[in-house]
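Undergrad: Construct all of the structure, not just a fragment, from the sequences and the given hints.
With UniProt numbering as the guide, the letters of the sequence shown map in order to residues 1 to 368.
Hints listed in this document are in silico derivations from the structure and should not be mistaken for laboratory results.
All values reported here derive from a predicted model rather than from experimental measurement.
Any given hint might turn out to be false.
Listed next, with one range per pair, are the computed distances between beta-carbon atoms [said to hold, decoys possible]:
1. N22 to R279: 26 to 36 Å
2. L278 to G226: 38 to 48 Å
3. G15 to L215: 48 to 58 Å
4. E74 to V125: 17 to 27 Å
5. G226 to D86: 29 to 39 Å
6. M114 to V260: 41 to 51 Å
Beta carbons are placed, not taken as given, at the ideal position from N, Cα and C, and that holds for glycine.
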Amino acid sequence: MAEKKKVLVADDDQGINLLLVNTLLKKFDVHSSFSGKETLSKCEEHHFDLVLLDVNLGDIDGREVCKTLKNDSEGKPPLIIFISGDQDQENIIRCFENGADDFIGKPFSPVQVMTKVEALLKYDVMIDNLQSQSQELTSLVTTTMSQASSYGSSLQMVKQLNHANSESEIAQTVFNFLASQGLHAALYLKDNKHSTCFDQASSVCSPIVKEVFELTHNKQRIKNLGTRLMVSDQHCSILVLDPPKEDEEAYGIFIDIITVVIEAVEARFIGFLREQELRSLNKELSLVISQINQDVEQVRKDKQSLMDDIIMQIGLSFHKLDLTIDQEEYFTKLMEQTLLSHDENNNVLMTLQERLQTLVNEMKTLLT
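TA: As structure tokens, then:
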């Protein structure tokens, strides 16, 4: 039987602490603490897989506790889920800046807590597996591009982006380049209909990274988020997890390069969206042309049928050499009906021509 994951509940409210412990006790090895100092002490004594951490612990701000656990833990630091009644965007971002992995707002339900904890632990296992699988590829990419200069590599990356034919290929091209520079990042792409988030190390973005992208995307060209850096354009954002801020010269070069990268990603993603629209229009145009062929053939058959009918009617009247008034009216009405039918067929062609012209105009707009 697999060993239970070890979880620490850190909340100074005894009622909430007990509720959380009872909620998780059936599936996890649960411990509890009621202050910041006690939380840090227990984390030194035990290795916890996950900590449910209240933002307001009384003696120490929960965000400072989180920062300490993430920076000072021996081995792998625990996953941190913050619990707070303050669900303001600024508070969520501050929690993220200090190392939070997820966030639960108060009031909460036991089902919500259990779902969040299980999902984050499952996500952590998946990340470990994916990181192990991608380690060999990352090492190969880093070795291959290590001899290229930063600026030369960025130009090569722009060239490779032009051959990326999907969102995942765009992301992988950017990640390969950043890996060659010793950087790790996440990429966010957004159009009018949907958004997509990619993580360099694990492919799948964590829930809180997605939320931070949604909150900060395109709000500011370059935004510092603690030790991280967010660079945005209209349709894309890059979150660099380890920018070289301590080295002023290296950081200046990095800013120049990441600016080129975000502009190149923006241009390629816009091109990719236009290509998708053009493919859709091309498909519609093919259907319209096919319909035109069918309608033209039908018009030809209808006209032939009308002419055959007129000839037959006239032939039946040949034995009457002296036309009466009734006969004249008959032939007049016959010709009028024929002309009306012909006009209706012409209207069909005009409608199809208008549809074609509309599609052509849309394609011209996309290409300008």
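Undergrad: Hint by hint, note whether the structure agrees.
TA: Outcome of the hint check:
1. N22 to R279: 26 to 36 Å: Once the Cβ atoms are compared, 55 Å apart, the range 26 to 36 Å for R279 and N22 is violated.
2. L278 to G226: 38 to 48 Å: holds (42 Å)
3. G15 to L215: 48 to 58 Å: violated (31 Å)
4. E74 to V125: 17 to 27 Å: holds (21 Å)
5. G226 to D86: 29 to 39 Å: violated (18 Å)
6. M114 to V260: 41 to 51 Å: holds (45 Å)
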